[in-house]
Every structure is written in C-alpha cells, then in structure tokens.
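Chain order of the listed sequences is A and B.
The opening position of the first sequence corresponds to residue 1 in the numbering used here, with each subsequent residue numbered one higher.
The opening position of the second sequence corresponds to residue 1001 in the numbering used here, with each subsequent residue numbered one higher.
Derived from the structure by calculation, the hints contain no laboratory data.
Ideal placement from N, C-alpha and C gives every residue a C-beta, glycine not left out.
Certain hints may be false.
Below, in silico cross-link-like pairs of lysine-lysine (DSBU-like), each with a Cα-Cα straight-line distance of 35 Å or less [stated by the list, open to error]:
{"id": "1", "chain 1": "A", "residue 1": "Lys-67", "chain 2": "B", "residue 2": "Lys-1121"}
{"id": "2", "chain 1": "B", "residue 1": "Lys-1292", "chain 2": "A", "residue 2": "Lys-154"}
{"id": "3", "chain 1": "A", "residue 1": "Lys-156", "chain 2": "B", "residue 2": "Lys-1211"}
{"id": "4", "chain 1": "B", "residue 1": "Lys-1112", "chain 2": "A", "residue 2": "Lys-89"}
{"id": "5", "chain 1": "A", "residue 1": "Lys-67", "chain 2": "B", "residue 2": "Lys-1214"}
{"id": "6", "chain 1": "A", "residue 1": "Lys-113", "chain 2": "B", "residue 2": "Lys-1036"}
{"id": "7", "chain 1": "A", "residue 1": "Lys-50", "chain 2": "B", "residue 2": "Lys-1130"}
{"id": "8", "chain 1": "A", "residue 1": "Lys-94", "chain 2": "B", "residue 2": "Lys-1214"}
{"id": "9", "chain 1": "B", "residue 1": "Lys-1148", "chain 2": "A", "residue 2": "Lys-94"}
{"id": "10", "chain 1": "B", "residue 1": "Lys-1214", "chain 2": "A", "residue 2": "Lys-117"}
{"id": "11", "chain 1": "A", "residue 1": "Lys-156", "chain 2": "B", "residue 2": "Lys-1148"}
{"id": "12", "chain 1": "A", "residue 1": "Lys-154", "chain 2": "B", "residue 2": "Lys-1112"}
{"id": "13", "chain 1": "A", "residue 1": "Lys-117", "chain 2": "B", "residue 2": "Lys-1130"}
{"id": "14", "chain 1": "A", "residue 1": "Lys-154", "chain 2": "B", "residue 2": "Lys-1148"}
{"id": "15", "chain 1": "B", "residue 1": "Lys-1127", "chain 2": "A", "residue 2": "Lys-50"}
{"id": "16", "chain 1": "B", "residue 1": "Lys-1112", "chain 2": "A", "residue 2": "Lys-94"}
{"id": "17", "chain 1": "A", "residue 1": "Lys-67", "chain 2": "B", "residue 2": "Lys-1036"}
{"id": "18", "chain 1": "B", "residue 1": "Lys-1211", "chain 2": "A", "residue 2": "Lys-89"}
{"id": "19", "chain 1": "A", "residue 1": "Lys-117", "chain 2": "B", "residue 2": "Lys-1127"}
{"id": "20", "chain 1": "B", "residue 1": "Lys-1006", "chain 2": "A", "residue 2": "Lys-67"}
{"id": "21", "chain 1": "B", "residue 1": "Lys-1214", "chain 2": "A", "residue 2": "Lys-154"}
{"id": "22", "chain 1": "A", "residue 1": "Lys-179", "chain 2": "B", "residue 2": "Lys-1292"}
{"id": "23", "chain 1": "A", "residue 1": "Lys-154", "chain 2": "B", "residue 2": "Lys-1036"}
{"id": "24", "chain 1": "A", "residue 1": "Lys-156", "chain 2": "B", "residue 2": "Lys-1112"}
{"id": "25", "chain 1": "A", "residue 1": "Lys-98", "chain 2": "B", "residue 2": "Lys-1036"}
DEER-style ranges, computed between Cβ atoms [unchecked claim]:
{"id": "26", "chain 1": "B", "residue 1": "Ser-1271", "chain 2": "A", "residue 2": "Gln-125", "range": "54 to 62 Å"}
{"id": "27", "chain 1": "B", "residue 1": "Ala-1140", "chain 2": "A", "residue 2": "Pro-38", "range": "39 to 47 Å"}
{"id": "28", "chain 1": "A", "residue 1": "Gln-110", "chain 2": "B", "residue 2": "Phe-1132", "range": "43 to 51 Å"}
{"id": "29", "chain 1": "A", "residue 1": "Gln-125", "chain 2": "B", "residue 2": "Ile-1182", "range": "39 to 47 Å"}
{"id": "30", "chain 1": "A", "residue 1": "Ile-157", "chain 2": "B", "residue 2": "Ile-1182", "range": "32 to 40 Å"}
{"id": "31", "chain 1": "A", "residue 1": "Glu-170", "chain 2": "B", "residue 2": "Arg-1176", "range": "24 to 32 Å"}
{"id": "32", "chain 1": "B", "residue 1": "Leu-1123", "chain 2": "A", "residue 2": "Pro-38", "range": "27 to 35 Å"}
{"id": "33", "chain 1": "B", "residue 1": "His-1188", "chain 2": "A", "residue 2": "Glu-170", "range": "19 to 27 Å"}
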Amino acid sequence: MKFVCAIYVFITLFAPSILLAQKYISNSSYIRFYSEAPVENIEATNDAGKSAFNLSTGEVVFSIPIKSFTFEKSLMQEHFNENYLESDKYPNAKFVGKIHGFESTLDTWQEAKAEGKMTIHGIEQDVTYEGRIKIDQNSMEMEAIFPIQLEDYKIKIPKVVFYNIAEIVEVTVKFTYEKIN
Amino acid sequence: MKKSIKLLLILIVSFGFLNAQAQEELLGLIEDSEEKTEQIESTFNGTRIINGHSVETRGAGTLDVIFMHRFGRLNSGSYNLWGLDDAWIRLGAEYALSDDFTVGVGRSSFEKTYDGFLKYKFLHQTKGNKNFPFTSTALATMAINTLKPTDPDQEIQFSSRVSYTYQILIARKFNRSLSLQIAPTLVHHNIVDTPMENNDIFSVGFSGRHKVSKRMAVTFEYYYQVNNNTEKNNYNPLGLGLEIETGGHVFQLVFANSQAMTDTSFITESSGDFFDGDIHFGFNISRVFQLKKNQPTKKW
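The shape of chain A in the complex, shown without the other chains (with noise of 0.2 Å):
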C-alpha cells in the first residue's frame, strides 16, 4: 500500500515537468470584436493576446490585455477602457478550459469545443464555443467565432449614447501555437 501512495505522490508531483513536452505556447494571435448596428458598425482588432495549450490534457488558457485593443476611432478606444471595459481595473480578459472532441493526431483542421472559465470585465462566466483546431508535429492553430452578450459581464451600454451599440458582439480568436520543450 505505502508503495502505492509513495508513486503516486511522485506522479503528482513530477507528472506536470513530464507533460511539459507536450504543451505548446502562442506565437502570434489575432483578436477582433465586431458590433453591427445600423447607425455604425463597431470594429477592434487587437495582436497581443496569449495562449498556452497542453496537447495531452486539452488544457488551454489565454488572456488578453484590454487596453491592446485598436478601434479606428481613438475617442471610442478611449472610451472603450474608461466606460465600458474599465481596462485600469481589469486589464486583462482570461479564459481557462479544457478543449475536447479532437483527434490529437489528425492534422487536418476539426471540429472541437472548448468549455471553460471567460473573465471579462472582472466577471466570470462558465461557457462552451465551438472552434476549430489543427494540429501538426511542432506547431499549432486555433481558432473560433463566437458571440458575447454585454449584459453577462456586466458592461452596461448607457441609453443616451450616440454610438449604437449591439448588446451582443462577434468575437474572433485565433491563435498559432509553436512547441515548447
């Protein structure tokens, strides 16, 4: 019995610097959000994120630094961080999950789901999106599209503004992976 408990506790101890081969690390990500509304369409992109992925567990996580984000209309991004994101109180976005329902050695683009913890705006919601992922030898892509709803994260769209905006946006993340070892 001691035997038993004495490898598992190595393993617990040790398995993470074993699983280390397997995880990969963005090298380039391409974040945009996308309002349609009738008055103005609303449009940010944002190259900053970053993403860790863990081939064996499906473990993923990324985070995205508000204030990165570029609007083609400097007062909006202004205040985009001042009103709406409070990027000096929260500055980062974060996602922690689990991707599943892929072939680990396909290495083709599939189908897969990612089900996890989003943070926006210092709240947390448990969500699930649907994406797609390719996997090769040392590298890796990810990508999904997929819808938030402001009222969730409690970013509140005053009545009388003059930029209409939607009360759901579009989301795209997409992310490239290199190997780590």
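Following the hints, position chain B against chain A.
Only chain B this time, still in chain A's reference frame:
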C-alpha cells in the same frame, strides 16, 4: 476497507491538485514576468474645463469642433430674462496632428476675436513599471481683437490688436473620479489702455473634475492673478460646471463670471463679481470627428 477509502481520498485530492497545478502552470507560461508601463488616460473628458484648457489632447487624426455659448448675467433681472437675452459665442476647431500635438483656431463674438493655438503634451502620467505622477501640456495661444475703433478716423495697428497666453498645464488623475490641474500662466497684451496697466499678467489656474457617475462630472476652474490690473473692473475668473459625456459628444454646462471664452480675455478681463450674482450661464459642446482612421491590427 478503511484503507481503500483513505487512498481514494488521497487520489481525489491529489488529482485535483495536479489539475489545478497544470492550469496554473499554463497560465504562468503566458503571464508577463515584467510589469508594463501604462499611460494614464482620460484625466479630463474634454480639452476644456470651463473656459480654460485641460491637459487633454485628442488622439491623432481627430477633429474636435467646439461650440461655446455664454448668456448674459443671471442677476440682470426678468426684463433681460436673467441673462438669456444676451449671448456670446465662440466657434472653434482643433485638429490633432499626433496624439500629443494639437493645433486649433476659433472665432469669438466677444470683441470679435480670432484666436489660434498650439498645444503639446510633453509629459504623461504613468503607472506600472515606471511611475510618473502627472501629465503636463504646454499651450501657446494668440488672440486678435478685430473690433472697429469707436472713432472711425482712428487707425489701430495690427500689433496693437494682438495678445498672447502661455501656459504650462500640470494635471494629475488621482483616481477614477478625481483629477486636479494647476496652470502657471502668462498673458501678454501688446497694448494696454493706460501706462499704469501691466502688459504682462502672471496668474495661476486651479481646476478640477470630480466624476459623479460614469458619464457625468462636476468641474471647477479658478485663476488667481498675481499682478492684475486693479484699475480696471477686473475679477479673478471663477467657474463651475456640469459635464455630460455621451460618446462622441461632451456637453458642459457652465456658470462663470466671464463672458469671454478666449484665454487672453477670460483670464485677465473677467468683469463679473461671481458672489454678487454676475454669473454667465452657458454651455460648451464638443463633437469629435475622426478624420484619419487608426490602422487596425493586420489579419492573418
């Protein structure tokens, strides 16, 4: 039996631990080891507080059209509808050549004045890796009074119509709602009415903003004149305001003891005694147009 339950517990606990540890480790891979330096933005909502400038400059490629309006004095009685019968306006446009450098022009009906200015934000309040306590902006304005002389035969040289203001605006955003500004100021009039008067008037501006909600703020502005021309009926300018920001617009409702809206005039020629009710109600409306759009991040 007991032993196997114990083992099971150990298994569950340690497995949970392993799982959490793995996610922590993944997060650790993408977290920045070094804290970044961040510029503090939105010290003030507008480029003006009441009549005077704030440290703010608009983002590159932005055109800010500002319409300023002042009524007559509140204490002028019902005959004058408490000042609403009189009106002075200033129409202005300012364009941000870069995030820190703005040029502007304006025309004010008060003394038929044209004005122009250059504004450069040379220090940024920052936090994070490098902390810097305040934002600072240099401002130079020029005003040209184009009033016709009362005696039509009299000729006024162009240089006599010109006056200048030089300011160093220093502001700190203390928290999300409170921002304060101090502004050492020099106003130079090329010509003054009597030899007794000073051509150069030094003053210090004090102004602030306190947000009462995400989009509303109360503001104040006061300039203390160090060597003002007391021979003239001249008070230190004092103003209170309510600011409403609605996306592309900033509305400012103001109560001030000056009807002038250009820097050279309102700082040294405010003729109203605020506490005697010589208060001009008015408003500033700023509308922002992005003429040169920011480049979005490239797709891949």
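These are the hints, each one checked on the structure:
Distance hint between Lys-67(A) and Lys-1121(B) is fulfilled; the C-alpha atoms sit about 20 Å from each other, no more than 35 Å. With a CA separation close to 32 Å, the supplied pair Lys-1292(B) and Lys-154(A) stays within the 35 Å bound. For the hint linking Lys-156(A) to Lys-1211(B), the alpha-carbon distance of about 17 Å falls within 35 Å, and the restraint holds. Proximity of Lys-1112(B) to Lys-89(A) is assessed by CA-CA distance (about 47 Å); at most 35 Å being required, the pair is judged violated.
Straight-line distance between C-alpha atoms of Lys-67(A) and Lys-1214(B) comes to about 18 Å, which keeps the hinted pair within the 35 Å bound. Proposed proximity of Lys-113(A) and Lys-1036(B) is supported: the alpha carbons are some 33 Å apart, at most 35 Å. About 23 Å separates the Cα atoms of Lys-50(A) and Lys-1130(B), which keeps this hinted pair within 35 Å; it holds. Taking the CA atoms of Lys-94(A) and Lys-1214(B), the gap is near 24 Å; set against the 35 Å cutoff, the hint holds.
With a C-alpha separation of about 65 Å, the suggested pair Lys-1148(B) and Lys-94(A) falls outside the 35 Å cut-off, and the hint is violated. With a C-alpha separation of about 28 Å, the suggested pair Lys-1214(B) and Lys-117(A) falls inside the 35 Å cut-off, and the hint holds. For the hint pairing Lys-156(A) with Lys-1148(B), the CA-to-CA distance comes to about 53 Å; that exceeds 35 Å, so the pair is violated. The suggested pairing of Lys-154(A) with Lys-1112(B) is violated, with an alpha-carbon distance near 49 Å, which exceeds 35 Å.
As the CA atoms of Lys-117(A) and Lys-1130(B) are separated by approximately 32 Å, the hinted pair is consistent with the 35 Å bound. Note on Lys-154(A) and Lys-1148(B): the hinted pairing is violated, with a Cα-Cα distance of about 59 Å set against a maximum of 35 Å. Distance hint between Lys-1127(B) and Lys-50(A) is fulfilled; the C-alpha atoms sit about 22 Å from each other, no more than 35 Å. For the hint linking Lys-1112(B) to Lys-94(A), the alpha-carbon distance of about 56 Å lies beyond 35 Å, and the restraint is violated.
Of the supplied pair hints, the one linking Lys-67(A) and Lys-1036(B) holds, its CA atoms being roughly 12 Å apart against a limit of 35 Å. Only pairs whose Cα atoms come within 35 Å are accepted, and Lys-1211(B) paired with Lys-89(A) is accepted, the gap being roughly 16 Å. A C-alpha spacing of about 29 Å is found between Lys-117(A) and Lys-1127(B), which places the hinted pair at or below 35 Å, so the restraint holds. Taking the CA atoms of Lys-1006(B) and Lys-67(A), the gap is about 49 Å. The hint is violated against a cut of 35 Å.
Annotation: proposed proximity of Lys-1214(B) to Lys-154(A) holds, straight-line Cα distance about 14 Å (limit 35 Å). In summary, the hint linking Lys-179(A) to Lys-1292(B) is not supported, as the alpha carbons are separated by about 40 Å, beyond the 35 Å threshold. Among the hinted pairs, Lys-154(A) with Lys-1036(B) is consistent with the structure: their alpha-carbon atoms are about 27 Å apart, no more than 35 Å. Only pairs whose Cα atoms come within 35 Å are accepted, and Lys-156(A) paired with Lys-1112(B) is rejected, the gap being roughly 44 Å.
Taking the CA atoms of Lys-98(A) and Lys-1036(B), the gap is about 29 Å. The hint holds against a cut of 35 Å. A hinted range of 54 to 62 Å for the beta carbons of Ser-1271(B) and Gln-125(A) is consistent with their spacing of about 59 Å. For the pair Ala-1140(B) and Pro-38(A), the supplied restraint of 39 to 47 Å holds, since their beta-carbon distance comes to about 43 Å. Gln-110(A) and Phe-1132(B) have their C-beta atoms about 49 Å apart, which keeps the hinted 43 to 51 Å range intact.
Distance hint check: the CB atoms of Gln-125(A) and Ile-1182(B) are about 44 Å apart, consistent with the given range 39 to 47 Å. Take Ile-157(A) and Ile-1182(B): their Cβ atoms lie about 36 Å apart, and the range 32 to 40 Å holds. Between Glu-170(A) and Arg-1176(B) the beta carbons are some 29 Å apart, a value that agrees with the proposed interval 24 to 32 Å. Between Leu-1123(B) and Pro-38(A) the Cβ separation comes to about 42 Å, which falls outside the hinted range of 27 to 35 Å.
Separated by about 56 Å at the C-beta atoms, His-1188(B) and Glu-170(A) break the suggested range of 19 to 27 Å.
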